[in-house]
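Enquirer: Read top to bottom, the protein sequences are chains A and B.
Per the numbering used here, the very first residue in the first sequence carries number 16; after that it's consecutive.
Per the numbering used here, the very first residue in the second sequence carries number -15; after that it's consecutive.
It should be emphasised that the hints constitute simulated quantities derived from the structure, not laboratory data.
There may be inaccurate statements among the hints.
Claimed, not checked - Lysine-lysine pairs mimicking DSS-like chemistry, simulated, CA-CA at most 25 Å apart:
1) K163/B - K61/A
2) K81/B - K130/B
3) K126/B - K59/B
4) K167/A - K126/A
5) K37/A - K61/A
6) K81/B - K163/B
7) K74/A - K164/A
8) K81/B - K59/B
9) K81/B - K167/A
10) K163/B - K59/B
11) K126/A - K37/A
12) K81/B - K164/A
13) K61/A - K138/B
14) K167/A - K61/A
15) K167/A - K14/B
16) K14/B - K164/A
17) K126/B - K14/B
18) K126/A - K164/A
As the list claims (entries may be wrong) - Cβ-Cβ distance ranges computed for the label pairs, FRET-style:
19) S165/A - E45/B: 22 to 28 Å
20) R90/B - C75/A: 25 to 31 Å
21) R50/A - S154/B: 16 to 22 Å
22) K37/A - P110/B: 23 to 29 Å
23) F112/A - G112/B: 34 to 40 Å
24) R120/A - H69/B: 26 to 32 Å
We put the beta carbon where it would ideally sit given N, CA and C, even for glycine.
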Amino acid sequence: MKGGLGAALLAASLLAGCSGLKTYPDTAPKNLLIRAETSSGSILSKVRAAVHVHQVDAKCRTEYQGTVELGEPSVHLGLPVDRLSLVAFVFNTSATFGGSSGSVRVEHLLKPRAGYTYQADMSYANSIYDVVLREIGPRRSSSRELDRKSTKGCTPA
Amino acid sequence: MRCHALRSAQWTLIGIAVLLVGCGNMGAPKNAEEYRQATRDGARYGLATIESFEVERPLREVSSTLQRKTDECLKVAVNWSATNHHGNTRSGVHRYKPTFVNGSNRAELHIQRSRSGGGDIDVNAPPGGFYHVVLDATPLGKSRTKIDIYTQSKDDDLLRRALHGWALGSNLGCPDLTKR
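Just chain A, same shape as in the assembly (with noise of 0.2 Å):
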């Protein structure tokens, strides 16, 4: 029996190792807030939502951070103050019964500032999707829609 919880626990571990994927060390003071609403519209399919964050250094190589899973409506990550990041939305479809999946991925480059806040809205209903960041000053004074930038729109230093 324990042979077999072993085996489990190795099986998974294995496969996380293979997804490539790692949590996110959250570790910077929180200043981004992601909202997240998902509704694939059938009982076929399921949706979810996670992001990924990657280190944007002077030449504007990425690397990866972690991943966060959106498994709550909202959740509070911290990024690196004055550092460029590229943050990846990314909304995972799958049938719920096996057979298609797919994922649609929205990418900002942010360079967040001291002081200020972020927030982030990811919606996904009926194969409609959308993502809005937006950037709130100090002591909510001020808030503007950031436009979305990938690494194209990055210039190295």
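Using the hints provided, position chain B relative to the given structure of chain A.
Expert: Frame of chain A; chain B shown alone:
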């Protein structure tokens, strides 16, 4: 006598097949205007759809939203793969090519799609792929705009719904083209 009738039926079937294949390839619209005309023809028999509506937004605003969302959502390539019950996997790519035409008194959006790999062959397709959706926006005075969306297949309903939301300015989400 019976043999002759069978042979004649065989030639008739071959003829119909050749005609159908010919129609499928030669009849494919090569530009947006041909696509509009083919959609009008198809709509008469319930085989295609022209969705027309008016929005309380000036053409400039509608045009700006359409252009921004097109850049964000439709310049994509969708990679797909499918595995059958024998474990054989096929994969391919669907590339979308949106073309935005911004005139002083009219805006147009043409969406083409090309397929490659996975056994998909787009025979006789125009450069950029077959046309899937054409949208026309024309002004009705200073603050209203008329929208016409031409589609020929139920498969393009998702694109049509997304364009509808962008034109209204009410739903600015992107269509998940992996679900098309």
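Enquirer: Next step is simple, just say for each hint if it's right about the structure.
Expert: Now the hints, each set against the structure:
1. K163/B - K61/A: 12 Å, holds
2. K81/B - K130/B: 24 Å, holds
3. K126/B - K59/B: Distance ~31 Å between K126/B and K59/B Cα, so the pair is violated.
4. K167/A - K126/A: Cα-Cα ~15 Å, so holds.
5. K37/A - K61/A: 22 Å, holds
6. K81/B - K163/B: 17 Å, holds
7. K74/A - K164/A: Holds, at about 16 Å.
8. K81/B - K59/B: Holds - the C-alpha atoms of K59/B and K81/B are around 6 Å apart, at most 25 Å.
9. K81/B - K167/A: Since the Cα atoms of K81/B and K167/A sit roughly 19 Å apart, the hinted pair holds (cutoff 25 Å).
10. K163/B - K59/B: Holds, at roughly 16 Å.
11. K126/A - K37/A: Judged against 25 Å, a Cα distance of about 22 Å means the pair holds.
12. K81/B - K164/A: Holds, at roughly 20 Å.
13. K61/A - K138/B: 22 Å, holds
14. K167/A - K61/A: 31 Å, violated
15. K167/A - K14/B: 32 Å, violated
16. K14/B - K164/A: 34 Å, violated
17. K126/B - K14/B: 33 Å, violated
18. K126/A - K164/A: With a Cα-Cα distance of about 11 Å, the restraint between K126/A and K164/A holds, given a limit of 25 Å.
19. S165/A - E45/B: 22 to 28 Å: Since S165/A and E45/B have Cβ atoms about 26 Å apart, the given range 22 to 28 Å holds.
20. R90/B - C75/A: 25 to 31 Å: Roughly 39 Å apart at Cβ, these two residues miss the hinted range, so it is violated.
21. R50/A - S154/B: 16 to 22 Å: With a Cβ separation near 20 Å, R50/A and S154/B satisfy 16 to 22 Å, so the hint holds.
22. K37/A - P110/B: 23 to 29 Å: 46 Å, violated
23. F112/A - G112/B: 34 to 40 Å: 37 Å, holds
24. R120/A - H69/B: 26 to 32 Å: 30 Å, holds
The structure is inconsistent with the numbered hints 3, 14, 15, 16, 17, 20 and 22, although it conforms to all the rest.
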